[in-house]
Amino acid sequence: MRNYRDIHRQWQRFLNEATYGEYKGQKRVLSVPNLKLVIDIEDMRLGASDHAEERRFRHRGKGSGGGFTISKDSIVKAVDKAIGEVMNDFANGELQNGERFLIVDESGKGDPLNVLCSLKMREGQDTLTVITVMRKSGFATAGMRRYAVR
Numbered sequence: 001m002r003n004y005r006d007i008h009r010q011w012q013r014f015l016n017e018a019t020y021g022e023y024k025g026q027k028r029v030l031s032v033p034n035l036k037l038v039i040d041i042e043d044m045r046l047g048a049s050d051h052a053e054e055r056r057f058r059h060r061g062k063g064s065g066g067g068f069t070i071s072k073d074s075i076v077k078a079v080d081k082a083i084g085e086v087m088n089d090f091a092n093g094e095l096q097n098g099e100r101f102l103i104v105d106e107s108g109k110g111d112p113l114n115v116l117c118s119l120k121m122r123e124g125q126d127t128l129t130v131i132t133v134m135r136k137s138g139f140a141t142a143g144m145r146r147y148a149v150r
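Just so we're aligned, residue 1 is where the sequence shown starts under the working numbering, counting upward by one.
Quick caveat, the hints were computed from the structure, so don't treat them as lab data. Values in this document were obtained by computation on a predicted structure and should not be read as measured data. Heads up, the beta-carbon is just placed ideally off N, CA and C, and yes, glycines get one too. Careful, some of the hints might be misleading.
If you anchor each label on the Cβ, the simulated ranges turn out as follows [to be verified]:
(1) 96 - 69: 25 to 33 Å
(2) 140 - 109: 19 to 27 Å
(3) 6 - 148: 41 to 49 Å
(4) 6 - 140: 39 to 47 Å
The task is simple: from the sequences and hints, build the whole structure.
Structural data, given as C-alpha cells:
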C-alpha cells in the first residue's frame, strides 16, 4: 500500500516547482554569429529559481497603474534568442559550467529585459536556470558574460 503522505508531499513539490519548459529532443535552428546550425538539444530543462519567480511579479499592484509582471513567455523568448551563442561559448570553453551570465533582450518598448542565468551541463538532463529577471537599462554586471539580443 502506498503512503499517501509521501504522494501528497511529492505532488506539492511538483506544483511548487518553477519551470519554463524543456528542450526535450528538439532539433532547433540556432543563430550563432556568422553560422546557422541545427543542434539537437537532448534533454535540457529551463527552470527558475524562487527568486526569479518572485522578481517576475515584483511590480504587480504597486502604484496607480496597477503594475506589471514579466511573462514566462518573454523570458523564454529571450533565452531562445541567446541559446545559440550561449552553447557556442560553452562548447569553446568561454563559458564555464555553472557560471552566471546575463541575457539582455532589447526588443520591444521600454527598458530591456535582463535575464540572469546559469547553465549546468551534465550527463542526463541539462539545466539552464533563470536566477533573476528585471526590466532596467544599464544593469551592471561587472565581469559577467553578456548576451545582447533583439
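Q. Between residue 140 and residue 109, is the Cβ distance one that fits in 19 to 27 Å?
A. holds, 23 Å
Q: Could you say whether the range 39 to 47 Å given as a hint is met by the Cβ separation of residue 6 and residue 140?
A: holds, 45 Å
Q | Verdict for residue 96, residue 69 (Cβ pair) under range 25 to 33 Å | A | holds, 32 Å
Q | Consistency of beta-carbon spacing, residue 148 to residue 6, with hint 41 to 49 Å | A | Cβ of residue 6 to Cβ of residue 148: about 46 Å, so the range 41 to 49 Å holds.
Comparing the model with each earlier hint shows no violations; every hint is respected.
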